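Asker: Protein chains in written order, with my numbering: chain R, 3 to 488; chain B, 1353 to 1512.
Don't take each hint at face value.
Taking lysine-lysine and the DSBU-like style, the derived pairs with C-alpha atoms no more than 30 Å apart in a straight line are [as the list claims (entries may be wrong)]:
| hint | chain 1 | residue 1 | chain 2 | residue 2 |
| --- | --- | --- | --- | --- |
| 1 | R | 150 | B | 1499 |
| 2 | R | 448 | R | 123 |
| 3 | R | 443 | B | 1499 |
| 4 | R | 258 | B | 1499 |
| 5 | R | 151 | B | 1499 |
| 6 | B | 1499 | R | 266 |
| 7 | B | 1428 | R | 448 |
| 8 | R | 151 | B | 1428 |
The calculated label-pair distances, taken between Cβ atoms and stated as ranges, are [stated by the list, open to error]:
| hint | chain 1 | residue 1 | chain 2 | residue 2 | range |
| --- | --- | --- | --- | --- | --- |
| 9 | B | 1395 | R | 43 | 27 to 33 Å |
| 10 | B | 1390 | R | 231 | 44 to 50 Å |
| 11 | R | 372 | B | 1428 | 49 to 55 Å |
| 12 | B | 1437 | R | 270 | 33 to 39 Å |
| 13 | B | 1503 | R | 154 | 33 to 39 Å |
| 14 | R | 438 | B | 1479 | 29 to 35 Å |
| 15 | R | 28 | B | 1426 | 37 to 43 Å |
| 16 | R | 125 | B | 1426 | 32 to 38 Å |
| 17 | B | 1426 | R | 425 | 48 to 54 Å |
| 18 | B | 1390 | R | 270 | 32 to 38 Å |
| 19 | R | 28 | B | 1464 | 37 to 43 Å |
Worth flagging that the hints you see were computed from the coordinates, not collected in a lab. This one's a predicted model, so the numbers in the text were calculated from it and none came from an experiment. Where a beta carbon is used, it is the ideal one built from N, C-alpha and C, also for glycine.
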Amino acid sequence: MGSRYEGPLEQVSDYLWRIPPSYKSGMQVEGRIYADDRLVEQIRADQAPEQVANVAFLPGIQSASLAMPDIHWGYGFCIGGVAATDPEEGGVVSPGGVGYDINCGVRLLRTNLKREDVLPKINGLMNLLFQRIPAGVGEEGPYHYPDKKIRRLLEDGAQYLLAEGYATEADIEHTEARGCLDGADPDAVSPRARERGQDQCGTLGAGNHFLEVQVVEEVFDPEAAQVMGLAEDTVCVMIHSGSRGLGYQVCDDAIKELRQAPAKYGISLPDRQLVCAPVRSPEGQKYLAAMRAAANYAWANRQLLMWQTREAFAEFFGQPWESLQMNLIYDVAHNIAKMEKHQVGGKIKELCVHRKGATRSFPAGHPELPQRYRQIGQPVIIPGDMGRSSWVLVGQPKSMEETFGSTCHGAGRLLSRTAAIQKARGRRIDQELAAQGIVAKCRHWKGLAEEHPDAYKDVSVVVDVVHQAGLAKKVARLRPIGVVKG
Amino acid sequence: MYETFEHTADLGLRIQAESLERLFEEAAEALFSVLVVNWNQTATVQQETLRLEAESLEDLLHDWLSELLVLFALRKLVGRRFEVRLERQTLQVAGPPEGMASIMGPPIQMEQEVLEGTIWGDRLDPDQHQLGPEVKAVTYHGLRVEKHPTGWLAEVILDL
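This is chain R alone, in the form it adopts within the complex:
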């Protein structure tokens, strides 16, 4: 574990802390961390606040280098960070501000099944899902996208699957950015990255990625919950995955190509992993075109994972998924850079918003929201650890004022993977979870050990902070009853 952060952290309000720009010469703006008294002590325990200060060096950064309450120590950027840059002011784009798993994200689909319909059969259902959902390191799926097809997939994202019969118009409508970012260029993605993507679309991957069958445990905002089709005891499925090997390769290629860019553009950085190029430079544009293609791949990946889930449910319950009303509530990205319009100092600017371990959280009335959610705000899906809860929130107006329309993305790691395994030594995590009524399926004991609940902050504490700070509002808490891990 890294050393404790000893730099300044000034309390601004009950839920906001500040790193003054005077802390390090080179900081263009201050750092701001959303946290309460409990979380701030955990946050100080490593170098994550230092990383918040380092991100403030980025040319063209607006307002502040922001961190959400699930902040933890990453490489270059902290996880849980938001940084918006203005291309008009030489603003940069940084692949490290998106991460290797481009458009890692979460989607939540509901069903018309109730807890009592599923609980007696949960073992059989989880066995079938474990059989059908490709999961684990390097696992390949039933779908194959040779180069000609993958180019179309990279350009059109989840929308490409409409024609293939693996998506409906309603699925697309309820996916952030309609499952496709404009300006994606398959030629900006290296042949090697495209090859890595050929057989992995529709696979979960490993690490913290998962598929969970969940039950709504408590509703906090009945009106918003009703719009989403959620009520107490509603059975849902949450899917957490990203762009797989294709995305890792796009990020690695970009960082390598940008090694010389800071020197070329006269940018001085405190950490090499922050390497970046002006948005308005050939290097910056190329990365954005490749990153968008990888983001589109990730949306297609989660769409195919959902499709396989629907097929498995249909088989298991002996009725079509449509009659089980397995509708997509929403799909959000939490590792991405997007061009978005935001108000800064009274002016509307088009900014490059990096969200690395942060979720978009647009409030009611935002023009980018689907009609269904215009009145309540964008659904924000927050996965927790596998033993505790996950959350559904909606975006609030204060996120537009303070965080470029962003909120937290999950629980945030507390223990390193090795520490988590050490803590799990001699324990049967699957049996511990079973005792709590959670059926966990995993290829290997280590996968569960690394991800067991003690390794994470309590997601409910993280959610409390963004709720109290007015960035997003609680709608419902969900509890897992079945888990598939890589």
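Based on the hints, put chain B in the right spot on chain R.
Answerer: Relative to the frame of chain R, chain B by itself:
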């Protein structure tokens, strides 16, 4: 000699060796020991060679490990034995066109690090190999390659 160290979301590798070549070879062993728990029971029946160029030893180590990661992900190759040759080359970068030298300056010399590596191993076999965690990438965060009185030390953080 290598060991892992902790980094909240990720995993660090610390490698020590008497020579720079051995440092790179041991770094490759360290990477595969993370990827495949029982990697050292792999046969050496397949062979791959790599030639890499980079501006610094740190970049070269990054590229070497990244290439091995791609061989694993794409070609399903589990490396068991590695041989590395390193060389520092001086490059003469072509000068400006004739008659322009007075404005644009003389030709410049650049140094680069060159690696030639051979990897022996076998194709990943799900029945035989026990997979470790998924390694997304080799990061540049905290990347170091340093000479010490008794040898060389490298640190690299993997994104898991």
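Asker: Run every hint past the structure and note whether it holds.
Answerer: Against the structure, the hints:
Between residue 150 of chain R and residue 1499 of chain B the CA atoms are separated by roughly 48 Å; this puts the pair beyond 30 Å, and the hint is violated. As the CA atoms of residue 448 of chain R and residue 123 of chain R are separated by approximately 26 Å, the hinted pair is consistent with the 30 Å bound. Note on residue 443 of chain R and residue 1499 of chain B: the hinted pairing is violated, with a Cα-Cα distance of about 46 Å set against a maximum of 30 Å. The straight-line distance between the Cα atoms of residue 258 of chain R and residue 1499 of chain B is roughly 24 Å, inside the 30 Å bound, and the hint therefore holds.
Taken as a hint, the residue 151 of chain R and residue 1499 of chain B pair is broken in the structure, with Cα atoms around 49 Å apart against an allowance of 30 Å. Taken as a hint, the residue 1499 of chain B and residue 266 of chain R pair is honoured in the structure, with Cα atoms around 29 Å apart against an allowance of 30 Å. Among the hinted pairs, residue 1428 of chain B with residue 448 of chain R is consistent with the structure: their alpha-carbon atoms are about 21 Å apart, no more than 30 Å. Using a Cα cut-off of 30 Å, the hinted pair residue 151 of chain R and residue 1428 of chain B holds, with the two alpha carbons roughly 23 Å apart.
Between residue 1395 of chain B and residue 43 of chain R, the C-beta spacing of about 51 Å breaks the proposed range 27 to 33 Å. Checked against the given bound of 44 to 50 Å, the beta carbons of residue 1390 of chain B and residue 231 of chain R, roughly 47 Å apart, stay inside it. As the Cβ distance of residue 372 of chain R to residue 1428 of chain B is approximately 42 Å, the hint placing it in 49 to 55 Å is violated. For the pair residue 1437 of chain B and residue 270 of chain R, the beta carbons lie near 35 Å from each other, so the given range of 33 to 39 Å is met.
For residue 1503 of chain B paired with residue 154 of chain R, a C-beta distance near 52 Å fails the hint of 33 to 39 Å. Taken as a hint, the range 29 to 35 Å holds for the pair residue 438 of chain R and residue 1479 of chain B, whose Cβ atoms sit roughly 33 Å apart. Restraint check, residue 28 of chain R to residue 1426 of chain B: a C-beta distance of roughly 39 Å satisfies the suggested window 37 to 43 Å. As the Cβ distance of residue 125 of chain R to residue 1426 of chain B is approximately 37 Å, the hint placing it in 32 to 38 Å holds.
Here the CB-CB span from residue 1426 of chain B to residue 425 of chain R is close to 34 Å, at odds with the stated 48 to 54 Å. Checked against the given bound of 32 to 38 Å, the beta carbons of residue 1390 of chain B and residue 270 of chain R, roughly 45 Å apart, lie outside it. Between residue 28 of chain R and residue 1464 of chain B the beta carbon distance is about 29 Å. The supplied range of 37 to 43 Å is therefore violated.
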